[in-house]
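Undergrad: Protein chains in written order, with this note's numbering: chain A, 1 to 630; chain B, 1001 to 1227.
Keep in mind the hints are simulated off the structure, nothing from the lab. Since this is a predicted model, take the numbers as computed values, not measurements. Treat the hints with caution; some may be incorrect.
[Said to hold, decoys possible] Chain A regions said to be covered by chain B (calculated; three or more residues, Cβ under 8 Å):
id, stretch
1, 259-269
2, 295-301
3, 521-534
[To be verified] Reference listing, derived: stretches of chain B covered by chain A, where coverage requires no fewer than 3 residues with Cβ under 8 Å from a Cβ of chain A:
id, stretch
4, 1048-1060
5, 1068-1079
6, 1146-1159
Yeah, the Cβ is synthetic: ideal placement off N, Cα and C, and Gly gets one too.
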Amino acid sequence: MAEASHDVVHRHEPPKSFIRKYIFSLDHKVIGIQYILLALSAVIVGMIMSVLMRMNLSWPGTHWPIMGTLFPTGAPGGVMSAEFYLSLVTMHGTMMVFFVLTTAPQGGFGNYILPIQIGAEDMAFPFLNMMSFWVTFVGFIVLLLAIFAEGNATVGAWFTKLGASAWAGGSGTVGSIGGWTQYAPLSALGKVAGPGQGAGVTLWIISIAIFCVGSLLGALNFITTLLNMRTRGMSLMRMPLTCWAWFTTAVLALLSFPVLLAGGILLLLDRIAGTSFFIPGGEYVSGALIPNHAGGSPLLWQHLFWFFGHPEVYIAILPGMGATSHILSTFARKPIFGYRAMVFAIFAIGMLGFFVWGHHMFMSGMSPYSAVAFSILTLSIGVPSAIKTFNWIGTLWGAKIRFTTPMLFAIGFVSVFVAGGITGLVLGQTSLDFFFHDTYFVTAHFHLVMGVASIFGMFAATYFWFPKMFGRMMHEGMGKLHFWVTFVGVYAIFIPFHAMGMLGMPRRYSNFSEYEFLKNSHGLVLFVTVAAIVTVTIQLLFYFNFFWSMFKGKKASDNPWEATTLEWTTATPPPHDNFAGVVPTVYHGPYEFSVPGAPRDFIMQTEPEGVEVTAGLGETSGNGGNGHKH
Amino acid sequence: MAATVTNTDRVIDAAIGGGGPRSRGGNGFRKNGGGHHDGDDFRFSPARYRVGVWVAIASIVMLFTALSSAYVVRSASANDWTPLVLPKVLWLSSAFIVVSSITMEISRRSLKAQNNRGYRLWLTNTLMLGIGFVAAQLFAWRQLARQGVYMASNPHSSFFYLFTAAHGLHVLGGILALTYLLLRTRRKTDTVEGELKRVGAADAATVYWHFLDGLWICLFLLLFFWK
């Protein structure tokens, strides 16, 4: 059984029992898939909530009998209340930002792909990696509990029994109504601040605090792995751009999540321990004076939240940028344009992200001088972003592009990133932000540039790495249909959002029918709703394709895309220790496509220099000529 | 006792990516693995503990930076700040943790010099001082509570309880690490890899322990001498 070859250092046998293999697994590949499945579950909750919001906005006052049955308090007679709508907004945002956009790109694909791409057999600390997923999972369960604690009378009663106003539940909403930013002081007061502000907020804070801990464990692992576990020859400048993106993301997570954790602890103490970090004195809520609190600063919460919140949007988008760079180069059959510039740009975006949080607070009454400073720093992020965009276009320029599904989504990423990013230049200016603040223009901006773009990056990543993960190809026809409907669909949703914003339509309002100046825009609202329902429906095709291809898809070879990086040198799917005991050696940069004089149009990173490579197309090229054993 | 040791080891082995002895294949430790590694070790390198602990420290620093910023902002945002009288026992706990840093360093150097007895002795002393520190902190809480100063009494006391609790939790983590190292000394060390892991873990624990010491000094100064 033990191989005698001197290349084989030690093979790790996979664990035998089901629980150690699939549930509490230490294998980064299993953990990565667990993260992806978590995101696939959370995104369903988030999508259902967005459809409910659109239904309420388009047909206000309509009786939806099923809503009346499910939420007798929140939607009496089937008509959603304004608070119910607000809780949908809050939980949609929280689900999507934390449990979809933070888990899938980093915890999911990063976990699965990064160790293989740098030639490691696993993460540096597999036990912490496992803990990271399961802690995150507990956070997810607590967030679901927040939905039920407010939405369900029975569950709500359990929490109300805990006594304090901070734990009162059963308001009929689906969680808190404070939005994903959970601004103090309303989030710090408990039930008195409105329906959903009791157990809904308390559980929300606990869930996010748990999530912070899980993310920190993950970030610690990513950074250590990348610095310490690269295989021979894998210098920093030979790493695929995906690894740079995951690394930068991990640095952002490492430094920003502790700040949210600190804010969360303070907020929780204000709610349950009677402190006054965020609650000022003399506060009147719903006509009642808030007693026993004084001296707190609500702005402090905003600073702590956005110091985390801005890096967080880069945590969501950077892995998508990495995947896009990687996939564009692979299917353009050209080296990525300006590799070094791409590396510096991604790092610059990440680091600048720590100094711009104030642009979320232009309207908070901050000094105009600091607003100008934040504004200039914010606009300067346009420079590295433009470098990336032009380099992506430079990569595509004059290429013989292979229009596979992952490639379509990668090109789609560039498109929505530009479309959403350009409005960042509008919102980053204080004078314009005064007008656009809290309108649908903002909603359009961040959905396109951070929500849709990073999801496109993840779709590209899914179609691209699915064959490596599951040994089968995803169905191309279904994939392309999925791409085109989604691509047209998201623009049909979010381009009208800009127009609504310019009309002055405010965010988070549950009903526009009462406002004279918005009477004429009802057609737009309806159009967006239809587009949203179509776009959400087509995602079912993605889910079907995902699970159908797992069992019925075309068998994948070891390197179906003729790509160059290390994950394509090993078996499909990779063995437990990734390279079957062989230690790969890297001789080339990650994007050596169409090199003049080379026998094929791609050179694997492991191909020894100067050795004529004769292996046929589509076959694996082995590990630096050693072949591999599995 | 023996059972505990084996279980902990299994967890830690798993945590650092090593397999059990069985999975090490025919070649044993990779240094003997024949020309493949050129001495630079990426399969197992104790440096990962050192990198890992510094990365963890960076994130803990951010946590306390955020809380300290909140402290500074909050102290200036209203005139309800009533400074606490410094509980005398905090001088004792500060002394404990400063001395424990020194004993930890002696213990690490003993291990480096392959003086296992000295290592175990000074590690035990550090552990005792660490427990003494936590006890003294708890005693300070009790003293304040006796005087009727609680978490919600005023902003300074809120921050005092918060900082001591947050720092104390990290010290408890350090105490767990020291306990693990101490239990590990009872095991007959086997392979070169096992020995490397032990030294790496001891190094990392030392860095972390010094950090906890420094962090407490900063918090102590911030809480009682800054304003």
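Undergrad: Indicate, hint by hint, whether the structure satisfies it.
TA: Now the hints, each set against the structure:
| no. | hint | in the structure |
| --- | --- | --- |
| 1 | 259-269 | holds (count 7) |
| 2 | 295-301 | holds (count 4) |
| 3 | 521-534 | violated (count 0) |
| 4 | 1048-1060 | holds (count 8) |
| 5 | 1068-1079 | holds (count 7) |
| 6 | 1146-1159 | holds (count 4) |
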